[in-house]
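Chemist: Those sequence lines, one after another, are chains A and B. Just remember that the numbering used here sits 6 ahead of the position in the first sequence, which is counted from 1. Just remember that the numbering used here sits 691 ahead of the position in the second sequence, which is counted from 1.
Possibly wrong hints are sitting among the right ones.
Here are the computed lysine-lysine pairs in the BS3-like style, where the Cα-Cα straight-line distance is at most 27 Å [stated by the list, open to error]:
| id | chain 1 | residue 1 | chain 2 | residue 2 |
| --- | --- | --- | --- | --- |
| 1 | A | Lys-152 | B | Lys-741 |
| 2 | A | Lys-183 | B | Lys-741 |
| 3 | A | Lys-349 | A | Lys-30 |
Derived, one-sided and incomplete: chain B residues facing chain A with beta-carbon distance under 8 Å [claimed, not checked]:
| id | residue |
| --- | --- |
| 4 | Ala-718 |
| 5 | Ile-720 |
| 6 | Ala-745 |
Simulated from the structure, these hints should not be mistaken for laboratory data. Glycine is no exception: its CB is placed at the ideal position from the N, C-alpha and C atoms.
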Amino acid sequence: MNAIILSAVWGVVMMFSGAFSKNKMWARYLAIAGAAFLLLANIADMYAQGNPFFHIDTKGMLTFNMFGLLVNAIAFATTLIYFFLSAKDIEEVGPHAGEYFALIFFVLCGVSLVTSYNNLLILFIGIEILSIPLYILTGSSKQNLKSNEAALKYFLMGAFSTGILLLGIAFLYGASKTGSFFIDDIGIGKVPPSPLFIIGLLLLLAALSFKVSAAPFHFWAPDVYDGSPTVFTSFMISVVKGAAFVAFIRLFADSFLEAQPIWQLIMALITAATLFIGNITAVFQQSVKRMLAYSSIAQVGFMLFAILGVGLKTNTAQEGIVLYIAAYSLASIGIFAILARMKDHSFEGFNGLAKQQPLLAGVNTVFFLSLAGIPLTAGFFAKYYMLSIALQTGKYFWLVIFAVFCAAISIYYYFRVIQAMYFKEGEQQEVEASPAFKGMLVAVAVIIVLLGIFPQWLINKLSIIYF
Amino acid sequence: MPINYYIFLSVALFCIGVAGVLTRRNAIIVFMCIELMLNAVNLLLVAFSKMHHAAIADANAGINGQVFVFFIMVVAAAEVSVGLAIIVMVFRKTHSVDVNFLNRLKH
């Protein structure tokens, strides 16, 4: 509850920060303080279970369990790191620095709603609060035609998928015996499913796949991620995508568990298609930013394994997705922070970076290794968990082999960047990097390596208090 | 009237909206088609709400469906404000609201 209220209030505070002060530094410090405050309030919520600062009777429409709160904590921590690394780039997008930060805080409010909803109404509102500020952030570089087009495309596609989500919710409402939107009531239990229920479930599946950009509903993602300002792309593919996944998992673990025979095979096919399309198209990209956009689709393919495994007795699906969100968010925030400072976003732009900026090249290598899932980085255990989920379901051995094959393909395009940095000669180029920026990047790399050696630090938090 | 009539009407309206989104090229008309989809859902929710009200012996049964409709209206209005701003921004840049322009993003 802390996070929902504080993030919304802080968003309003940030809007006023732009009105009263012309100094951009002021907005930045206020934003960093806000993110740190949110993180602390959320951790307080985690350790004082059921005893938040604010007591509001939500009539059971929100439930706060450890899974949601932990994902919140990861999202806020990532945002804090993101502000440290990229606040300067956010200010350079346009003249309204305070408003950009305000929109990011509104997105965080949406994040904390979709990680704690217990009612389809809150799911709908949460997804909208998450999406609408993102449409604005995508188009925030007003003079850039690509950004404008990306915003229009994202908006039209996002509103379309909202329509599909709502039709699914309406069908589920019609199919429920008690006439309720609570996610515990819309499940079918042991009775055979009605056609209304099946259609509603499939529509929700499609709409949520759309929001996390799973194939075949991914077509908007590369253009939007490529077109929006680089700083905001990094936020969209890390924090926002993780939150959308939590919404997905909560719904399918709580409401549709009994209906698993209906959707499990479809989910497996979606996973396979996402892995295939994301990895194959990423290979052919010439721009690193666009390659990362496609590779984010490929990473979504791995995250989808968690939804396949929601019915497992142990908490594996939740553990796996928490680790994956942490590993993926940290790595992509780091990569994009460096990418945003480079002038040339093609692979050639990275040529010879190791000679000019050995430290940046080094941490960048750690981030790319983590994305590729090389051992000793957090990405390895994240992928390992996902594949073990698929094995534990006992039905999708073919999918595991396919996923390993796709991970091998992904090594090609991730290592292309590393190869460009270390083994190619490039022209001298200015990459502006202050000692604080470098220090923060090193800290992120250290966290990634530590999570790769001791993933239980994060995961145990979930299992100790969750039960 | 049986609930099926309402379902068919709403789904027909929804499909008109979907067809419009997929085939029309003018961003404003695409946008109107999305609104049509949302309003088809509103109609369906109200119909289901009445259905639950008749089926369940409770004075408040089914009322949540109608509350949901209000939320959809409010959120749709918020979306309209952002969406029209984006369309105006694109129009200023390209002097057109044709979504075919969007294909320029591919390389």
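Chemist: Next step is simple, just say for each hint if it's right about the structure.
Modeler: Results of checking the hints against the structure:
1. Between Lys-152(A) and Lys-741(B), the direct Cα distance comes to roughly 47 Å. Violation of the 27 Å bound is thereby established for this hinted pair.
2. About 13 Å separates the Cα atoms of Lys-183(A) and Lys-741(B), which keeps this hinted pair within 27 Å; it holds.
3. A threshold of 27 Å between alpha carbons decides the hint, and for Lys-349(A) with Lys-30(A) the separation of about 23 Å falls inside it, so the pair holds.
4. With 8 Å as the threshold, the beta carbon of Ala-718(B) comes within range of chain A, its nearest partner Cβ sitting at about 6 Å, so the hint holds.
5. Evaluation of the Ile-720(B) hint against chain A yields a violated restraint, the C-beta minimum of about 11 Å exceeding 8 Å.
6. The interface hint given for Ala-745(B) is violated, since its Cβ lies 10 Å from the closest Cβ of chain A, which is over the 8 Å cut-off.
In this structure, the hints that do not hold are numbers 1, 5, 6, in rising order.
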